[in-house]
Amino acid sequence: MIIRRNDFQIQRVQEPSQTIPEVWTPREREVMSMNDFSAMLRRRILTIVVVAAVILGAGVYYTLTRPPIYESTAKMMVITPKNTAAVVGDGRLISDLEALKGARNADTQVEIITSPDTIQVAAKLIPEDIRKYGLGGTEVPPWAYRVVKRKESDIITVTGRAYTPVAAVQIAEALIKAHFQKDLERNRLATKQARQYAENEMLSAKNELSAARIQLAQFKTVTGLYAPETQMNASAERMTTLNDELSGAHADVEAGRRQMATLRSQLSGQSETVVSGTVVTDNPQFTAAMNRIDALQSERAQLIQEFTPTSREVQTINDRVRREEARLRSIAKTTVSSEQMARNPVRENVTNRYIETLAAYSAATARMNALERQVSQGKRAVTSLPEHERQLNERQQNVQLLQSRYESLSGNYHTLLLNEQSIMPSGMKFANAGLPTKASYPNKIANTLFFMILGIAFGIPVAILAERRDSRLHDQNVIDRSTGLPSLSVIPRAKADSVHIRDGSSADGATIESYRILRNNILFASAGDHLKVLAVTSPGRGEGKSTTTMNLAATMAMEGKRVLMVDADLRRPSLHRVLGVSREKGLTGVIGGNVALEDAIVETKTSNVFLLPAGPSCQNPGETLNSAPSRELFRKLSGMYDLVLVDCPPSTGLSDVQIISTLSDAVLLVVSMHQSLRPQLEITLQTLARAGAPLIGTVLNRVDIRSSDYCYYYSQDEYKQDNEQS
46 MIIRRNDFQI
56 QRVQEPSQTI
66 PEVWTPRERE
76 VMSMNDFSAM
86 LRRRILTIVV
96 VAAVILGAGV
106 YYTLTRPPIY
116 ESTAKMMVIT
126 PKNTAAVVGD
136 GRLISDLEAL
146 KGARNADTQV
156 EIITSPDTIQ
166 VAAKLIPEDI
176 RKYGLGGTEV
186 PPWAYRVVKR
196 KESDIITVTG
206 RAYTPVAAVQ
216 IAEALIKAHF
226 QKDLERNRLA
236 TKQARQYAEN
246 EMLSAKNELS
256 AARIQLAQFK
266 TVTGLYAPET
276 QMNASAERMT
286 TLNDELSGAH
296 ADVEAGRRQM
306 ATLRSQLSGQ
316 SETVVSGTVV
326 TDNPQFTAAM
336 NRIDALQSER
346 AQLIQEFTPT
356 SREVQTINDR
366 VRREEARLRS
376 IAKTTVSSEQ
386 MARNPVRENV
396 TNRYIETLAA
406 YSAATARMNA
416 LERQVSQGKR
426 AVTSLPEHER
436 QLNERQQNVQ
446 LLQSRYESLS
456 GNYHTLLLNE
466 QSIMPSGMKF
476 ANAGLPTKAS
486 YPNKIANTLF
496 FMILGIAFGI
506 PVAILAERRD
516 SRLHDQNVID
526 RSTGLPSLSV
536 IPRAKADSVH
546 IRDGSSADGA
556 TIESYRILRN
566 NILFASAGDH
576 LKVLAVTSPG
586 RGEGKSTTTM
596 NLAATMAMEG
606 KRVLMVDADL
616 RRPSLHRVLG
626 VSREKGLTGV
636 IGGNVALEDA
646 IVETKTSNVF
656 LLPAGPSCQN
666 PGETLNSAPS
676 RELFRKLSGM
686 YDLVLVDCPP
696 STGLSDVQII
706 STLSDAVLLV
716 VSMHQSLRPQ
726 LEITLQTLAR
736 AGAPLIGTVL
746 NRVDIRSSDY
756 CYYYSQDEYK
766 QDNEQS
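Per our numbering, residue 46 is the first one in the sequence shown, and the count goes up by one each step.
Do not rely on the hints blindly, as some may be mistaken.
Unchecked claim - Dumping the calculated BS3-like pairs for lysine-lysine here, alpha-carbon to alpha-carbon at most 30 Å: (1) K194 / K474; (2) K194 / K489; (3) K237 / K222; (4) K474 / K196; (5) K196 / K483; (6) K177 / K489; (7) K120 / K227; (8) K120 / K489; (9) K196 / K120; (10) K237 / K169; (11) K222 / K169; (12) K169 / K120.
Since the hints were derived computationally from the structure, they do not count as laboratory data.
Build out the structure end to end from the sequences listed, making use of the hints.
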């Protein structure tokens, strides 16, 4: 029969024949809860205190041995440099330069101040003796300064640290001074480069402007175009005048031609009898007069393009033309060299009129030819005027653009020149570094608190590590999770003289109450079943299984039960020694048939409690317990007593408990707090599981109820008073 736990109830099931029981497997360790963690801290408080004390001692020693460090702080405000002159033109160079300098905000300047170049310059500004005694060397180490930008502001605090107050002040002041020097150099260099660029561009623009102006003047000279619109209007007026005069000249020529034709007709109709014949020859003076008139008409046509017809210059030419025309009329075109007949007066009159008409016609023809030439030239000039005007506009616009660019570059150049001469740093110091009166480091109070907290912070992990490396069992919850069995009772730790219960009394009331709880739980668990043989064992030696057996027997006897204790620890028996009886007659002798059972059982000082000692030592305890006489003996004992308590040897490493578990109705496992080892407990459970041992539960022995969550209603004195009254 196998007894299995089910919520403190014992279920008897038929044991399968020739089958191997299910092997017990230890449960996985659960995550440590807050209660477990608190209990662990209480158990490992000494470890935490030792670790914290060591770290605190090291920290105090470090604090006391460190040289004092002084701090001094100076403050500066970031200022974006502005140009001091007006920006000319588009101001691109100026705006780019200002953007470059304005981009150095507070965060950027913090990085610049802490750059190696600035630190080297600052180190040179500090006297060598101050560096030697204040910093311990010639360089400025990183710990000697701290540069911080104040949140949401343009304020930068520069803190100097040194072994002497003077050195701390020197470091803070030197860093700001070095930063301003480097900042001025960078600003001047940037402004100088921009100024040189503007100067080169200005000279180039000046040369291009001069060349463009020369080209414009040459174009005006070649084309004669100075004021296109005015000149085009004047040309149009002159062309109108020329066309009008040309029309008049055409009319004069046509009238002269018709008149000459009429006169020639009249001449041909005259009678031959009057004039027999005339030899006519050309007059050189007439030809010369015609040439002079032609030249004057050409000159007059040219003057009309520049002056109005009523101007003095044109009127002068008109007078000269009229005089030449009068002279032409007075010159005979032909000369009569000979006559054959008498002269005809009418023909002579017509001839004179013809000569005058011919002179007028010749003058009109010359005037018309001159006007036609001038009109033709005027048309060509008017046709080319738009293209010349376009080219002139292009050259004038080019000159204007170059002039504007030159003026802009010239303004930028003078602005940059002024900036270069009046450049300022991009920051201003408004708080000098003060001389510190006391050291800032080390802060003894702060360091002590820090190392104390650090010690505790390190002590807790060390305690957790020690807890994990410690295989002893310290917590009931861990034991319950590991075994999967209920804890039937918690036995408090007690003094050596108050452990055993005799005659229903004890020096420790909490102890007897805990065994009463154990008794009741066993009886409740076995209600309705016939529990006769109960084996008591433990994972290892010295965990209190024998004491538990004796005290459980005493509490069972309080219920009026006849209880027999069997010392089955044939290797190291202890019950006979505690109870003060002999082991010469005992279990081994009864099994071997050397001693009668009645002679081996002895009565203890506790009423209704009897003892069967282990008897003399034997060579093979396992074979002795597993023999047929042994099994027969246990069956006989279960019929003689109300309860047989078997005190077994430890389960780890021995097979005796496996054998005894087959002779018992239930097995009670005693686990000693802070003593039982987890590996031994796991081995015990596996061993008993393989044997199909009917484990009923565990007993937690030697629990320190003062430092745990256990609470007992009765104190020791109250328990004694209750017993005396009863």
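Here is what the structure says about each hint:
1. K194 / K474: 14 Å, holds
2. K194 / K489: Measuring from Cα to Cα gives roughly 28 Å; hence the hint holds.
3. K237 / K222: 22 Å, holds
4. K474 / K196: Holds, because 18 Å separates the two Cα atoms, which is no more than 30 Å.
5. K196 / K483: 27 Å, holds
6. K177 / K489: Status holds; Cα separation ~26 Å.
7. K120 / K227: Holds: K120 and K227 sit about 18 Å apart, inside 30 Å.
8. K120 / K489: Holds, at roughly 28 Å.
9. K196 / K120: Measuring from Cα to Cα gives roughly 14 Å; hence the hint holds.
10. K237 / K169: Roughly 27 Å between the alpha carbons, so the hint for K237 and K169 holds.
11. K222 / K169: 11 Å, holds
12. K169 / K120: 21 Å, holds
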